[in-house]
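Q: This is what each chain is made of:
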Amino acid sequence: MADPMRIRAQLKGDTTEVRVLMAHVMETGQRKDAAGATIPAHYIQNVSATHNGKSVLSAYFGPAVSQNPVMNFSFKGGAKGDKVVITWTDNKGDKRTDETAIA
Amino acid sequence: MQRRVVIKTGGSLAMIAAAISAGVLPQSAFASWNKNAFDAKNLNDVVKAMGGSTAEKSGDIAITAPDIAENGAVVPIAVASKLANTESIAILVEKNPSSLAAQFDIPGGTEANVGTRVKMGQSSNVHAVVKAGGKYYVATKEVKVTLGGCGG
Amino acid sequence: MKYKFATFVVAIATLPAASMLGAQQDAQKEIERYRQLLADGNPAELVEMRGEALWKEKRGPKNASLEQCDLGLGAGKLEGAYAQLPRYFADVDRVMDAESRIVHCQIALQGFSKDELSKRPYSLTQGERQTDHEALTAYVVGLSRGAKVALPQAHPKEKESYLRGEKMFFFKGGPYDFACATCHGVDGQRIRLQDLPNFQKADNAQRAFTTWPAYRVSQGAVRTMQWRLYDCFRQQRFPELAFLSPASVDLITYMGVKAQGGTMDSPAIKR
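Residue numbers (the working numbering), protein chains in the order written: chain U, 1 to 103; chain G, 104 to 255; chain B, 256 to 526.
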């Protein structure tokens, strides 16, 4: 099972700043292993973020996003204590959902 | 935008699928991973795969990235758009095997300012493609890497 | 890919001499900016989280957590403990660094064997999940962020450890007739674009000691201080530095004492 994400959501004025760290290998499918065999691509494709159930961001990644992806964005309308929920799915169908309260 | 219209008018998934296969709606109108865009090899092909024709240069898009990245495996890129009605932001690395690295759909209420980190196989132009008001715009910045990020 | 770097260096080298220094300084400034851009959003936090969960989980033949582990400040007191290690531990009558002590606790509290814990302390290839050892170490060092480096040197064995470490630091050997001091005992040394710390200067020593363990972006992994020294030995073509060996602990004591007063900021993020 995938390791948990690290989500930080901070209210600054009327804007909630969100930073997400995701634990993922983000294998490109271009690398070869020691035996010369291509290591199959394995990477996050979709990331969705919701605030109180409403979508605040949809992201689509290719294999060129760095290992252990970092994502920053911000939205208006959040309040302290509100939940921000992030879900990612990868090209093998693995999935992970985590949430945090806005601080 | 089209998706909302379809949902409001009570379109079923089958109807939507039928509309796509009939070529009525472009695939990019739907919130899903756009394989054609991620397979595209250059800026123009990415824009086409997203449903546009060309991208117009814009000074209202700011790319924050280092001029020189110590390691191409991790190059921080942030894009901010001042264009009205920014709907999506895409980050492209021109010289990567496939250009498109990441795309972000920006709903109303979300700032047109996103950041992530990308791999760069070699020094290259980085493009930020913004869709705003149904049109496509682009800004470009060169990033040099001292150590390529795809081989290790 | 090293090839690419060579091209870059050649490009700089062929600039007219007058502008060469300027170009190098500009490059250095931009690399500094790159490092700052990376600093917010260190994937090491993911490894720290896993380490914390592991630390608190009942595991091993004794089905116990590590919560009662004594890292030198008392059982279960983790905050700031890393900044005061290596130090003398009466229960084992020797000086231990943080990683030795964590392994000691896994043996004493959880009943693991030293052999199984030493078999694969570091994750090997890029993309491999971090080892338990790396995760636990990342968690422990993270709890010393902001703490001042303050290695105790009152016990005779702590002093001896420092002196042996110093000797080793200057010991020349191997096919290249190298010492740690060859690269880390003089100013202005670098590998690629990384400035190497000169351990004879407190600010250099502090900058180095307080930023290990670190997340290495080139390896996509948190690397520990034991690994750092293991890899230095490899680069010097020295015999393999055994995990948790007295030699490794003494060298860490030496570096830590040289870095006294520095502020811990680890796990850091590095190229």
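No lab work stands behind these hints: they were computed from the structure. Yeah, the Cβ is synthetic: ideal placement off N, Cα and C, and Gly gets one too. Be aware that a few hints might be false.
[What the hints assert, rightly or not] Cross-link-like lysine-lysine pairs, in silico, DSBU-like; alpha carbons within 30 Å at most:
1. K403/B <-> K317/B
2. K160/G <-> K525/B
3. K95/U <-> K525/B
[To be verified] DEER-style ranges, computed between Cβ atoms:
4. E415/B <-> G93/U: 43 to 49 Å
5. S135/G <-> A101/U: 27 to 33 Å
6. A345/B <-> A101/U: 39 to 45 Å
7. P4/U <-> Q490/B: 56 to 62 Å
8. V85/U <-> N228/G: 32 to 38 Å
9. N228/G <-> D98/U: 31 to 37 Å
10. G93/U <-> Q323/B: 38 to 44 Å
Q: Each hint needs a verdict: does it hold in this structure or not?
A: Each hint, compared with the structure:
1. K403/B <-> K317/B: Violated - the C-alpha atoms of K317/B and K403/B are around 35 Å apart, more than 30 Å.
2. K160/G <-> K525/B: With a Cα-Cα distance of about 35 Å, the restraint between K160/G and K525/B is violated, given a limit of 30 Å.
3. K95/U <-> K525/B: holds, 29 Å
4. E415/B <-> G93/U: 43 to 49 Å: violated, 57 Å
5. S135/G <-> A101/U: 27 to 33 Å: holds, 29 Å
6. A345/B <-> A101/U: 39 to 45 Å: Holds, since A345/B and A101/U (Cβ atoms, about 44 Å apart) stay within the stated range.
7. P4/U <-> Q490/B: 56 to 62 Å: violated, 35 Å
8. V85/U <-> N228/G: 32 to 38 Å: Given about 35 Å between the Cβ atoms, the range holds.
9. N228/G <-> D98/U: 31 to 37 Å: This hint holds: roughly 35 Å between Cβ atoms.
10. G93/U <-> Q323/B: 38 to 44 Å: holds, 41 Å
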